[in-house]
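S.K.: Take a look at the letters that make up each chain.
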Amino acid sequence: MVNNISIEEIYKIIEQVSDPEIPALNVIEMGMVREVFFEDETLKVVITPTYSGCPAMNQITCDVQKVLMNEGIEAQIITRLSPAWTTDWMSEETLEKLRASGIAPPKTKVSTLDPNNLFNIIKIPSQIECPFCSSDNTKILSEYGSTACKSFHYCNNCLQAFDHFKCH
Amino acid sequence: MTYTDEIKKHLSIYAQRHGDDRLILGHRLSEWCGHGPILEEDLATTNTSLDLIGQSVMWLKYAAETDGLGKTEDDMAYLRSEREFKNVLLVEQQNEDFAYTTARQFFFDVYDLIFYSELRNSTDETLRGIAEKSVKESTYHVRHSSEWMLRLGDGTEESHQKIKNAVADLWMYTGELFFMDETDEILIKEGIAIDLNKVKTLWYENVSKIINEATLEVPSLDTFMQKGGRKGIHSENLGHILSELQYLKRAFPTAKW
Chain A
1 MVNNISIEEI YKIIEQVSDP EIPALNVIEM GMVREVFFED ETLKVVITPT YSGCPAMNQI
61 TCDVQKVLMN EGIEAQIITR LSPAWTTDWM SEETLEKLRA SGIAPPKTKV STLDPNNLFN
121 IIKIPSQIEC PFCSSDNTKI LSEYGSTACK SFHYCNNCLQ AFDHFKCH
Chain B
1 MTYTDEIKKH LSIYAQRHGD DRLILGHRLS EWCGHGPILE EDLATTNTSL DLIGQSVMWL
61 KYAAETDGLG KTEDDMAYLR SEREFKNVLL VEQQNEDFAY TTARQFFFDV YDLIFYSELR
121 NSTDETLRGI AEKSVKESTY HVRHSSEWML RLGDGTEESH QKIKNAVADL WMYTGELFFM
181 DETDEILIKE GIAIDLNKVK TLWYENVSKI INEATLEVPS LDTFMQKGGR KGIHSENLGH
241 ILSELQYLKR AFPTAKW
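Chains A and B supply the protein sequences, listed in that same order.
The letter at position 3 of the first sequence is residue 3 when you use the working numbering, and the numbering goes up by one with no holes.
The letter at position 47 of the second sequence is residue 47 when you use the working numbering, and the numbering goes up by one with no holes.
Some hints here could point you the wrong way.
Stated by the list, open to error - Sample of chain A residues at the chain B side, in silico, Cβ under 8 Å:
no.	residue
1	Q16
2	P20
3	H168
Said to hold, decoys possible - Lysine-lysine pairs mimicking DSBU-like chemistry, simulated, CA-CA at most 35 Å apart:
no.	chain 1	residue 1	chain 2	residue 2
4	B	K189	B	K200
5	B	K136	A	K107
6	B	K136	B	K8
7	A	K139	B	K136
8	A	K139	B	K164
9	B	K71	B	K198
10	A	K139	B	K209
11	B	K8	B	K61
12	B	K61	A	K66
13	B	K61	B	K71
Quick caveat, the hints were computed from the structure, so don't treat them as lab data.
Cβ coordinates follow ideal geometry from the N, Cα and C atoms, glycine included.
With the hints as constraints, model all of the structure from the sequences given.
M.R.: Quick look at the structure:
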């Protein structure tokens, strides 16, 4: 039953699943699906969670299984922690989609944590470009926003509050 | 990876200890939900709680696996009693006021960041994975609680007094963060666990820096320190926490998500 379906087609099916907290992006664009392969006639889908406590994870896992089941494919989900998920895995195209949906994309590439200078991180993140008017004249309201992956900002130019997807 | 039964036994204890720290602290922080002093802090506190509880799932899952008794992470969280919990006493201390919660969090966050950073070098693949994932979350936590230490310490007379009291009262619980016994020794030999003495030096250095900047006095490490949690001896607080945390599962054992 599964032999006549290609891995590309499987990816196409999984693309139907979006992150319930960021409906603009599907799980492939989020970079959460790391690998898809058949082993002993069973389809395995390797997923890397975004945040440890992300409440959407369970839903995403169920949704991936459901869309595949709709096509008659039974899948086993494998959770892989290492290498840890990073916003660096989002493509330019994905970042643009985030911006278009009103969420400022992660600004910089994630820097490697320097083990000799761990506490160098104690600083307010620099100004984030407003996803609505592209102004840099913004301020941070809270490092913690509507979900674990976002911080909350305000644009002094267009007077609009907005979410920012944190570098991770 | 194949370990001997002896190693597995200690690995399970190790994972329980560090998983329980995060589960209990995560639960404590969740008690602020809807009670934060301002909306942003309500969100920050509960988001940190979510990170810690999420991390505890990974730890306790591994504890259950290495335990070899066919348990799940839910069994570990919901079906153990006080004496079976191995968290440090610091994390079960009451929220009291925002200053207490901040000081408790600050002491833990600084430790947590160093701990995870070191654990990324573990020879154990699962622990390495947990550390790589969690260390990123720790950087946010430590920044948040450090900033509040500064704001409260170097703030008004009232905020200064409150954070001063909190630091003084909670200091005696910090020593246990660096508790080591044969479990650690055996696992360190295998390159699985990390040496907490190294963490302790770095912790004191960085905690002192912030406490000084917050215009507070840095307490000495050579003072009386509470211990017991790592061996399952807890304060009265833990029973109250578990009665709430485990209520649903114990009252409705067959309930499913």
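S.K.: What hint numbers does the structure not satisfy?
M.R.: 1, 2
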